[in-house]
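First to last, the sequence lines map onto chains A and B. The opening position of the first sequence corresponds to residue 110 in our numbering, with each subsequent residue numbered one higher. The opening position of the second sequence corresponds to residue 375 in our numbering, with each subsequent residue numbered one higher.
Among the hints, erroneous ones may be present.
As the list claims (entries may be wrong) - Heads up, simulated DSS-like pairs for lysine-lysine below, C-alpha to C-alpha not over 27 Å straight-line:
| no. | chain 1 | residue 1 | chain 2 | residue 2 |
| --- | --- | --- | --- | --- |
| 1 | A | K273 | B | K470 |
| 2 | B | K469 | A | K273 |
| 3 | A | K253 | B | K470 |
| 4 | A | K310 | B | K386 |
Everything labelled a hint here was simulated from the structure, so no lab data went into it. A quick note: this is a predicted structure, and the numbers were derived from the prediction, not measured.
Chain by chain, the residues:
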Amino acid sequence: MIEIFSILFQLLVFIIIFSFPVNLFNKNLLFENHYLGISDCYCLNIIIHLNLFLICSFLNIDQRLYFYILIALSLFFNIFFIKKYIDYILSKKEILVNFTFFILITIALFGDLASHLKLEWDALSHWVWKTTNFYENMSIENIKNLRFPYYPHLGPYVWSFFWKNSILEYEYFGRLFYVFLYIVSIFSIVNYFFRNSNLNKFIIIFFIIILSFDRFLFSGYQGYLLFSILIIVSRFSFFLNKNFKYLLILIIIGHPLMWIKDEGLFYYFIFIFPFILMSPIDLRKKMFVLMLALILPIIQYYLQKYYMGVFGFQAEIINDSLKQNLNLKILFSKIFLISKFMIVSIIKYKLWIINLLSFTIMFFFFKKININLKIFYVIAFINLSFLFAVYIHTPYDLKFLLTVTLDRLVFHSSGFYLPIVLILLKKLLNTSYNSRSKT
Amino acid sequence: MKNFKINLSLNKYIIFIFFFIYVSQVFRIPYNFHVINQRNYESRMHIAHGNCDKESYGFITATSKEFAIKKNEAPLSLSLDHYSPEIWGLLKPHKKKYNKKYIFILNYFGNFNDLKNKTISMNDHMINLNDYSLAKKFGNCYFWIKND
Numbered sequence: 110m111i112e113i114f115s116i117l118f119q120l121l122v123f124i125i126i127f128s129f130p131v132n133l134f135n136k137n138l139l140f141e142n143h144y145l146g147i148s149d150c151y152c153l154n155i156i157i158h159l160n161l162f163l164i165c166s167f168l169n170i171d172q173r174l175y176f177y178i179l180i181a182l183s184l185f186f187n188i189f190f191i192k193k194y195i196d197y198i199l200s201k202k203e204i205l206v207n208f209t210f211f212i213l214i215t216i217a218l219f220g221d222l223a224s225h226l227k228l229e230w231d232a233l234s235h236w237v238w239k240t241t242n243f244y245e246n247m248s249i250e251n252i253k254n255l256r257f258p259y260y261p262h263l264g265p266y267v268w269s270f271f272w273k274n275s276i277l278e279y280e281y282f283g284r285l286f287y288v289f290l291y292i293v294s295i296f297s298i299v300n301y302f303f304r305n306s307n308l309n310k311f312i313i314i315f316f317i318i319i320l321s322f323d324r325f326l327f328s329g330y331q332g333y334l335l336f337s338i339l340i341i342v343s344r345f346s347f348f349l350n351k352n353f354k355y356l357l358i359l360i361i362i363g364h365p366l367m368w369i370k371d372e373g374l375f376y377y378f379i380f381i382f383p384f385i386l387m388s389p390i391d392l393r394k395k396m397f398v399l400m401l402a403l404i405l406p407i408i409q410y411y412l413q414k415y416y417m418g419v420f421g422f423q424a425e426i427i428n429d430s431l432k433q434n435l436n437l438k439i440l441f442s443k444i445f446l447i448s449k450f451m452i453v454s455i456i457k458y459k460l461w462i463i464n465l466l467s468f469t470i471m472f473f474f475f476k477k478i479n480i481n482l483k484i485f486y487v488i489a490f491i492n493l494s495f496l497f498a499v500y501i502h503t504p505y506d507l508k509f510l511l512t513v514t515l516d517r518l519v520f521h522s523s524g525f526y527l528p529i530v531l532i533l534l535k536k537l538l539n540t541s542y543n544s545r546s547k548t
Numbered sequence: 375m376k377n378f379k380i381n382l383s384l385n386k387y388i389i390f391i392f393f394f395i396y397v398s399q400v401f402r403i404p405y406n407f408h409v410i411n412q413r414n415y416e417s418r419m420h421i422a423h424g425n426c427d428k429e430s431y432g433f434i435t436a437t438s439k440e441f442a443i444k445k446n447e448a449p450l451s452l453s454l455d456h457y458s459p460e461i462w463g464l465l466k467p468h469k470k471k472y473n474k475k476y477i478f479i480l481n482y483f484g485n486f487n488d489l490k491n492k493t494i495s496m497n498d499h500m501i502n503l504n505d506y507s508l509a510k511k512f513g514n515c516y517f518w519i520k521n522d
């Protein structure tokens with residue numbers, strides 16, 4: 110019973126910490142009159158805290174001390190808004206039902222993770238070593254002595270932070286954060302498109318979770334962090350590319366990607382840069398934002414290479430086997446093999462099937478809406494090209510690598526295209542509602 | 375008309391309640407929380423990482439407790455015949471030093487006598503098992519202590 114209580118308490122800790130600093134009652138300071146719900150505020154706060162966690166990891170700040178500071182600040186801050194929160198939740202039955210559903214889903218997935226404690230291969234092989242490094246108060250410099258030291262460390266840092274600052278101090282309490290982020294990101298994007306209809310919203314959230322939930326990937330892998338952050342990027346991209354200030358916020362949202370996994374750096378370029386390049390702001394400002402966006406990967410390079418003492422990727426960017434690709438026969442056989450495994454991965458992570466279907470229907474039947482969503486088509490094209498490029502470039506055994514890694518790479522970006530699915534659903538539901546009302 | 379409205383909102387709530395029950399069944403909330411309540415963390419870890427299979431979490435933790443191995447010492451360990459990244463990353467490894475006095479050999483399916491005459495490389499140490507005595511055996515998992 111104590112363990113169940115601790116799990117519920119951990120949820121309360123997440124809610125308290127991630128209600129600070131942005132909330133429903135001060136959001137207008139930053140976002141003027143744009144719509145933000147509770148889950149949007151959680152998402153923004155998680156992004157802010159991820160950036161702060163990153164700074165803390167480099168300063169070797171004691172995790173327990175930082176946790177107490179964070180809890181004290183959040184409680185002190187939220188105390189001013191507690192009455193407003195209660196009034197807000199009780200003001201409309203829909204909000205109360207929505208919040209109850211959020212708690213129900215979170216508890217469901219927390220329970221699932223807590224009852225299946227297995228850490229899978231990559232987690233045992235290297236992620237958990239980095240996590241215990243921080244858990245045992247070892248410095249960031251010690252990472253160079255661990256396995257795969259060049260892998261970014263933000264995921265393990267957060268994992269160890271919530272592991273250490275939980276009641277029972279069991280390892281999996283750290284991984285509950287991954288579940289929390291996953292759920293708030295899905296709530297955030299669905300809430301944005303379906304603000305008024307609770308039942309539709311719940312059914313859609315339920316199906317997205319059914320299609321994207323994979324217990325295996327919660328067993329110490331970092332994939333869900335990338336998946337969720339990319340959902341947050343796509344949710345906020347709808348108004349954040351409109352002016353200079355918002356573009357800076359979009360860069361901050363995308364920044365943690367590059368500190369989670371090697372491929373996160375490429376995702377940062379693929380999913381953030383098109384929004385900057387296609388933004389309607391004037392060229393001078395655009396160039397300035399681009400420069401700022403480029404500074405972050407350069408800072409990462411210098412921090413990893415000269416502060417942590419390691420920088421690299423799994424494979425050398427320029428390697429000897431690249432020449433092989435000049436032989437068209439080899440190149441086409443590689444492309445064929447990658448395509449085959451790509452289809453298998455898409456079948457495994459079914460959210461992609463829904464994405465591709467929505468892309469096709471939108472392209473052929475809703476051309477008017479389609480123009481506004483052009484950028485998603487561009488990004489999807491770059492994203493798929495990136496996947497092919499990664500595997501054409503690899504010097505390792507291609508078939509083995511495709512078998513063990515492609516499905517995860519395919520999964521990471523599957524949530525980013527949810528707006529296309531949701532806009533299509535909204536359109537279809539409205540059409541059917543309108544035709545019913547006419548009859 | 376008023377009755378109709380009440381019925382409509384009542385129906386809406388019944389749909390929500392059924393939906394919530396359905397969701398909790400799909401994600402097996404009652405079952406998972408029953409499991410958490412009935413089996414403590416250690417026994418769930420045994421199920422997840424094996425007693426003398428998978429990563430042999432059960433054998434390692436029980437033996438460490440039984441032989442009172444100090445918390446800041448890590449025994450040498452090798453998983454034979456079952457290639458696994460091992461569980462040591464989880465057992466708070468960074469402040470520990472390897473202690474050559476204790477050895478775990480896990481998941482060994484070969485002949486026991488062959489094992490005795492072997493020199494094995496473990497955690498960058500070369501070990502001759504003739505210098506050790508078998509202190510505990512469970513299934514295919516072995517725990518050895520160095521002879522004085």
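Quick rundown of the hints versus the structure:
1. Distance restraint check for A/K273 and B/K470: the Cα-Cα separation of roughly 18 Å lies within the 27 Å cut-off, and the hinted pair is therefore satisfied.
2. A threshold of 27 Å between alpha carbons decides the hint, and for B/K469 with A/K273 the separation of about 16 Å falls inside it, so the pair holds.
3. A threshold of 27 Å between alpha carbons decides the hint, and for A/K253 with B/K470 the separation of about 17 Å falls inside it, so the pair holds.
4. For the hint linking A/K310 to B/K386, the alpha-carbon distance of about 14 Å falls within 27 Å, and the restraint holds.
The earlier numbered hints are all upheld by this structure, with none contradicted.
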